[in-house]
Every structure is written in structure tokens, then in C-alpha cells.
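Colleague: Sequence:
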Amino acid sequence: MKSVLTIAGSDPTGGAGLQADIKVFRAFGVHGLSVASALTAQNTEGVISVIPVDKNFFAEQLNVLLKDITPDAVKTGMLYSRQMVGVIAETIRKYSLKNLVIDPVTVSSSGVSLIEDGTLDAIREQLFPLAKVITPNIYEASVLTGISIEDVTQMEEAAKELKKMGTENVVITGGHLEGEALDLYYDGFSFFRIESVKREGEYHGTGCAFSSGITALLATGHSTLESVKKTKEFIDNAIKNAYHIGKGMGLLNL
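Taking this note's numbering, I'd label the letters of the sequence shown as residues 14 to 267.
If you're looking for bench data, these hints aren't it; they were derived computationally from the structure.
Even glycine gets a Cβ: it sits at the ideal position worked out from N, Cα and C.
Among the clues, some could well be false.
What the hints assert, rightly or not - Straight line, CA to CA, 30 angstroms or less: simulated BS3-like cross-link-like pairs of lysine-lysine:
#1 K253 to K211
#2 K15 to K68
#3 K253 to K36
#4 K211 to K145
#5 K260 to K176
#6 K107 to K68
#7 K253 to K177
#8 K173 to K211
#9 K243 to K15
#10 K145 to K177
#11 K111 to K68
#12 K242 to K177
#13 K253 to K242
#14 K145 to K253
#15 K107 to K211
#16 K260 to K145
Unchecked claim - Label-pair distances were calculated between CB atoms; the ranges are:
#17 R39 to E174: 33 to 39 angstroms
#18 L238 to K260: 14 to 20 angstroms
#19 L52 to K111: 34 to 40 angstroms
#20 D134 to G59: 21 to 27 angstroms
#21 F202 to I82: 32 to 38 angstroms
#22 E103 to R39: 39 to 45 angstroms
#23 D67 to K253: 37 to 43 angstroms
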């Protein structure tokens, strides 16, 4: 069986973070490995606080695991500090890890910052050049490029700038774009628009699940574009069948 590693924060609701990643990996038929970057106090209404994992223990989690198992793909989600980013970049090189997917998480759905100052710069400089694909949403793409994104043309401009940062492929997720749920894929040569119905309501963990699905499919030999298209369908179905067990956002049916 193929194995996939997620490096992400813990979400007590199970709707996002490494808990959701593991669910997605299982749905795509791969074994899920996980290394925690942070603990969060949150529920379906929002994130209250974040405690990062100690840098040395974070590195130990990775090294102990990777001395035993070499995953077929790796994704990163919430990375709280620049030090963590440095550890990951060093680890990827040390173990020659392939199929790296970067979900450059910056804030929670409720608007709470999930990284310390300087972390996003470190992700861009140290991890993007190692990545098979990055999956920022419109807000994250805007922060990374300085381009205010309000339509598809601006998404394309941002994708070009993101590609220049060293990643092999870019996907900007457009679920927050007014009126449509359009994801834009760019490989440095061509743009591909991947559309789905925009469904009513607020849903927790869509970005985590999307990047996890892509990672799982890369591990099983799918091309990057094929992985994105198949995961888009998976997420649309998970949203369509979402459920509410709390007072806030819906949880994807993964």
C-alpha cells in the first residue's frame, strides 16, 4: 500500500487539519502518516488559540518516522513558525522526499492567524522550490503575490507570479470567488479552469481536504492535473453531503 504523510495542525472537531487529512487519505486508498505541527483549541464556530509543537520535538517526530517509512507523497498544512519550515526543508532534502504538496495556510476560516510573522515568507522561499504543487486559496494567493484577486484574469496573473517562486505547478482555489467555485491550474505553459457548482453555506476544512486528495492521488501515480480534477469532484461531493454536528460551519462528508 502507498503511504502519504501530512504535516499539519490538530483540529479537535476532526473537520480540518491532520484529522481530516487522514480521512481523505483513507478515502483514496492510501495509508496516512501524520506529524503534528501545532495543537488548536477550536470548534465549528472558530479557532480560539494555537500552541505550536516544540521545534526539537517536531524534528524528532519527522526523523523517527522517516527512518522507518518513506512516504510516496507529503503535504504540509498549518506550519506555525519559520523554524518548522526550515526543519521540513532540511528533512525533504535529507530523505529525498517526492511529491510535495504545499497548502500555505495563513488564517482560519474564522479569521484567526495560524502562523507567526515571517512564516509565509519562509514557506515561499524554502518550500515552494521543492513543491510539486501549491494550493493557495484566493486570499493566500493575494497575500503571497500582492495582487488583489476579484476575477479570473487576476487569478491568472497571480498564478504566473506564484509559478515564478519555484513551484512546479500552481492551483489557486476559487471557492471564495463571488458567484462561482472555480479552481485555476497553471503549469507554466497553460491554464486550466476547473469548475463546479458553488454550494450554499460555510464548510470547514475544504482547503485541507483538497490538498490531501491531490497528495494521495500523486502518491498513486496520477498526474498533477488529473489529481486536481479528481479531487475537485471529491470535494464537491463531500460538500454536497456535508453535515452539521455543531453550532457553526458544516463538516465535509469525507
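Colleague: In ascending order, which of the hints set out earlier in this document are inconsistent with the structure?
Modeller: 5, 7, 15, 16, 18, 19 and 22
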